[in-house]
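Please take these sequences and the hints and turn them into a complete structure.
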Amino acid sequence: MPKWLLPTLSEILALNDPAWMVQFELPSGRAAGAEPIGQPRSSRLAIQRVRAEREWSGAIAALNILLQNVVVTAEASDREPTSHGFVLSGPLPVISHPALVCNFSTWSLTANPLNVAAWLPLQLLPANETTTAIDVDETPSDTRPSEKPTTSALPLLPGDPLAAEQFCLVLTPQFSLVLVLGESLQGTPAFMFSFMPEVVEQAWNAIRPRILLMNADQIDQLDDLAKQFTPVAPDYTTVMQFSRLMLAHLPEPLEEWRSDKADSQPVAFRQEAVKHGQASFKRKDVIAHSLLDPSPYHAPFSSSDDPSSPDADDPTSPDIELLQALAHEIRTPLTTIRTLTRSLLKRTDLPPDALKRLSIIDRECSEQIDRFGLIFRAVELQTSPARHDKMSLTRTPLAQMFQQSIPRWQQQASQRQLTLAVVLPPKMPTVVSDPTMLDQALTSLIERFTRSLPGGSHIQVEVMLAGDQLKVQLQSEPDAAVASRHHHRPLLRSLGQLLMFQPETGSLSLNLAVTKSLFQALGGKLIVRDRPQQGEVMTVFLPLEMSSMDIMEI
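If you want our numbering, it's the position in the sequence shown, counting the first as 1, plus 53.
Everything labelled a hint here was simulated from the structure, so no lab data went into it. Any given hint might turn out to be false.
Claimed, not checked - Label-pair distances were calculated between CB atoms; the ranges are: (1) Q456 / P211: 46 to 54 Å; (2) Q294 / E530: 46 to 54 Å; (3) L68 / A407: 26 to 34 Å; (4) R261 / P211: 15 to 23 Å; (5) L68 / P211: 38 to 46 Å; (6) R261 / P479: 52 to 60 Å; (7) I414 / I580: 32 to 40 Å; (8) P262 / T401: 34 to 42 Å; (9) Q513 / E251: 40 to 48 Å.
Ideal Cβ placement from N, Cα and C applies to all residues, glycine included.
Below, the structure written as structure tokens:
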């Protein structure tokens, strides 16, 4: 299928925020829509679709409340604008309350260009104009604007992929927002949103050429609205209120089903999570329950009682489902916190200490979002039959990567009362790997290494050449007094086939087998040796790029 020159809104949001890049993929690593082995074709995608649609419904309800607040705020001021904002949605309008329709300029993009009514602005039709006039007359004078905003439907070009998405772009004096119910970069159903002005502006720049192509006579009016309500960074309370309202207005969870191939009988999915979620919307309670007692989540998918079940050959399937739930519940609040934090960082009236703390919050949120992104990537590689074809390996200079990563690694160690030193060769070589994933994988490995050490220990990271490979070795030197009081290592509990859970800290990490598979997909190799008195020694070997080898030999 030929790719359109103009991006969809899903692509814009996913590419501009790493939080949306990691979406729920099929565990086999196949393209969305491919027939999973031993499973109904749409079972997993159907669950993701239901989840995304619930989030979209909650977001639209929250948006309507925010728009009501915009009207109330404007009425409290002395000025009376002709329009309180600009709302562009598709394929249907997202606001229908008369008090909002008559206060906002609302436009919709329809996927049916052959519909004659869609080509004509609704306010130009005689019958509709009469109806609108009656509605305005019946509207109380204290809520009626001085001039009727427009309400129009515009067609899209046939075959435009934007027609397959539900979206909404909102511009008001107080905030700008883009919402989209579409697909992730991996082709799985996803709901995404952003209050960032630059993302909203990119969304408008992707929609405007489409309108110009099919509705050139309307573009001047829309340009005037876009100039009148330019994207602005919201107050942090607006984003916080939106997130709270979105959670409060989520539709009641439906039972999510998964069919068995033998008898095609549906089985209830995550009933325990639904029960906890309906009680108070306290997501952390659901997460903690799943970690301490994962049986309610695993039971519906258990195949041990039926060896002939197709899931018997897929022991990681429950882990994939649990990871999907965990990542969604963790990523959503972290993304909201990071958005609020970055909005505050743009303010110039905050003291340096506050900005410093906000920067720490932003960094911590980004690290956790990246960590779960790495977990998902590693799981996808682990469960894919063609796991070595999943990454595009290229020449990766290491000098800049280590320069940026070493301070971050040392800070991670200092937070656990550890010290970390890195020994680098005089000239850093170039290896063959994936630059972004390699940085995240090494960071995750060092984090895993530091969590197993008592406070006061020293970590030595040594980077050296080893023939046609680069050797990165991690080893610890525990303090003698501290080591005498810590004869046992932290307890690690296996959480399914892929994860390890540390009850003392509540941390999740990939198990050793999955971590080794990750480095293998990156073109390298991870070797772990256990020293009885001094702990583990972790060594990563990475292949040198050929030109780099020649330089080293010279």
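Does the Cβ distance between Q456 and P211 fall inside 46 to 54 Å? Roughly 51 Å apart at Cβ, these two residues keep to the hinted range, so it holds.
Could you tell me whether the CB distance from L68 to P211 stays inside 38 to 46 Å? Taking Cβ atoms as reference, L68 and P211 lie about 26 Å apart, which means the hint is violated.
Are R261 and P211 spaced within 15 to 23 Å by their CB atoms? At roughly 19 Å between Cβ atoms, P211 and R261 fall inside 15 to 23 Å, so the hint holds.
Range hint 26 to 34 Å: satisfied by the CB atoms of L68 and A407? holds (31 Å)
Measuring from beta carbon to beta carbon, are P262 and T401 in 34 to 42 Å? Given about 35 Å between the Cβ atoms, the range holds.
Do the Cβ positions of I414 and I580 conform to the proposed distance bound of 32 to 40 Å? holds (37 Å)
Hint check for E530 and Q294 - Cβ pair distance inside 46 to 54 Å: holds (51 Å)
Distance restraint evaluation - R261, P479, Cβ atoms, bounds 52 to 60 Å: holds (53 Å)
Given a hinted range of 40 to 48 Å, is it respected by the beta-carbon distance of Q513 and E251? holds (42 Å)
The structure fails to meet hint 5 from the earlier list, while all remaining hints are met.
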